[in-house]
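Sequences listed follow chains C and L, in order. Once you know that position 94 of the first sequence is 94 in our numbering, the rest is easy, because the numbers rise by one and skip nothing. Every number in our numbering is 1000 more than the matching position in the second sequence, counting from 1.
Heads up, some of the hints might be wrong.
Said to hold, decoys possible - Heads up, simulated DSSO-like pairs for lysine-lysine below, C-alpha to C-alpha not over 30 Å straight-line: (1) K101(C) / K1237(L); (2) K1237(L) / K75(C); (3) K1298(L) / K85(C).
Unchecked claim - Per the computed footprint, the stretches of chain C lying under chain L, defined by three or more beta-carbons under 8 Å from a beta-carbon of chain L, are: (4) 11 to 25; (5) 89 to 103; (6) 123 to 131.
Derived from the structure by calculation, the hints contain no laboratory data. Bear in mind that the values here come from a model prediction, so they are computed numbers and not experimental data. Where is the CB? At the ideal position from N, CA and C, for every residue including glycine.
Here's the letter readout for the chains.
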Amino acid sequence: MQQAELKDIITEWLPGATFDENGQWLNVNVEPKDLHLLAVKLRNHEHTQFDYCFCLTCVDWKTHLTMVYHLDSTKFRHQVVVKVKLDAAKPEVETVSDLWKTADFHEREVYEMFGVHFINHPDLRLLILPDGWEGKNPLRKNFEDPINMIKL
Amino acid sequence: MIEESFTTAEGDLVINVGPQHPATHGVLHLVITLNGETIKKVEPHLGYIHRSIEKMSESLTYRQFIYVTSRMDYLSAHINNHACALCVEKGLQIEVPGRAQSIRIIMDELTRIASHELWWGAMSMDLGAFTPFFHAFREREVINEIMEETCGARLTMNYMVPGGVMADIHPNFQRRVKDFITLYKKKIHEYDELITGNIIFQNRMKNVGYLSSEDAIAYGVTGPAGRGSGVSCDVRKHSPYEIYDKLEFDEVLETAGDSFARYLVRIREMNQSVRIIEQLIDNIPDGDFQAKTKAVLKLPKGEFYQRVETARGELGVYIVSEGGTTPYRIKYRSPGFSNLSALDHMARGSKLGDLVAMMGTLDLVIPDIDR
Chain C
1 MQQAELKDII TEWLPGATFD ENGQWLNVNV EPKDLHLLAV KLRNHEHTQF
51 DYCFCLTCVD WKTHLTMVYH LDSTKFRHQV VVKVKLDAAK PEVETVSDLW
101 KTADFHEREV YEMFGVHFIN HPDLRLLILP DGWEGKNPLR KNFEDPINMI
151 KL
Chain L
1001 MIEESFTTAE GDLVINVGPQ HPATHGVLHL VITLNGETIK KVEPHLGYIH
1051 RSIEKMSESL TYRQFIYVTS RMDYLSAHIN NHACALCVEK GLQIEVPGRA
1101 QSIRIIMDEL TRIASHELWW GAMSMDLGAF TPFFHAFRER EVINEIMEET
1151 CGARLTMNYM VPGGVMADIH PNFQRRVKDF ITLYKKKIHE YDELITGNII
1201 FQNRMKNVGY LSSEDAIAYG VTGPAGRGSG VSCDVRKHSP YEIYDKLEFD
1251 EVLETAGDSF ARYLVRIREM NQSVRIIEQL IDNIPDGDFQ AKTKAVLKLP
1301 KGEFYQRVET ARGELGVYIV SEGGTTPYRI KYRSPGFSNL SALDHMARGS
1351 KLGDLVAMMG TLDLVIPDID R
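Throw the hints in and build the complete structure from the sequences for me.
Set out below in structure tokens:
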């Protein structure tokens, strides 16, 4: 599916979605409450079938966080990037690990590194960081660790 | 982390495998729930070699951060560097000279062969055979020497830079690569005679660690592990970079989805890598090995993503730039991380002894998982 067609079909599902076409792939910005709905459609609709989530991450913009989902279809070989703006003080979004199982680990990584809470995630625990790091989110821009961090 | 093995109320035994265990090839720690000898659950605990390369990269310039990535998947150091260089080039719209492109692909494919050879030796050793390790290292050593001569390093090469490669190839390079190919072709049948056709190994790998193609896609399993499940996921074919679209090679696919299928994919992939090198080694174009770039690189504001195929699967480099000399945020989508996430699903219901075959054929490299 071409970018224009993708844009049309997503607008049909979510009239409130905004787009950014300057990058490599079509970027879709949605509200946190609409994310799961859109993800289900993108994953299951016969013309989109985004069955492969090849990157799931978060960016800290200081004023807010942005979740970034890179999706690919192994059938149609088209890609789309879905972005969700989250509140920096209380970042919360529904999990997509029920749709893409790879999101299970990736969301756990985002949870510990950025402190994003994934609603309905089956097993939201620390994955990489050792016990006792709950609440400290090292990839946040405001993270300070005077003992272990060397500023370059 | 559990301090000691214990038995749950249901009578299941919970044990640690790793972080110091020869079959995990590094510091991977698995907490395994067992019912008798049958695996009920595998829970990876990561982070023993976590260096936070992503955070580190945020304070390094676009020339510096590439070197850190050699330490991620150290068996695909060239390919990691390549991915980062490509991503920076994408942002700056640098045209890479043809000579550099050919050298880069030859290096990538040599790395892939070296990585698969190490995997073959190590995996065979996990399953109880010591001899293959020496066979694999005999050929791998030749590649290491080629690398040493041209790049000055044997493992963490740091040879690819934005705009091309750091130095021109050594005068001996072409001759030695051709010598290697001759040697490889003479010796590769030994791999099949020792292991591939060996009934003991086949019994230990066939029908062990089955992963269906739907699950492989859902878990994001890529590389030889994904192709062993019949998922066509070779980035070199689907979103070609450099001159891969002009080269002739096959994407090796197996449909069985078990450990033996993943094994076969890697063995056959080495032959495809040799095929690629053969097409290029006599046709390296003349000219510059590096494009002219500014001393200080500044990526324009925006986001850049580059996918490449490492020896373990799809590596993604995601750079978010604010227009400065250092990246605002970098994410490495490492293949090992996603491949490991499927281990629990694969292992449930099989015997503890088979777990080694599964981990072996997933080809886990722990620094790549932890980053």
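Now for the hints, and whether the structure bears them out:
1. Under the criterion of a C-alpha separation no larger than 30 Å, the hint pairing K101(C) with K1237(L) is consistent with the structure, at around 25 Å.
2. For the hint pairing K1237(L) with K75(C), the CA-to-CA distance comes to about 14 Å; that is within 30 Å, so the pair holds.
3. Restraint check for K1298(L) and K85(C): the C-alpha separation of about 26 Å stays at or below 30 Å, so the hint holds.
4. A count of 4 residues in the region 11 to 25 of chain C with a Cβ less than 8 Å from any Cβ of chain L is obtained; the coverage claim is therefore met, three being the minimum.
5. Requiring three or more residues with a Cβ within less than 8 Å of a Cβ of chain L, the coverage given for the region 89 to 103 of chain C holds, as 3 such residues are present.
6. For the region 123 to 131 of chain C, the stated coverage by chain L holds: 5 residues have a C-beta nearer than 8 Å to a C-beta of that chain, and at least 3 were required.
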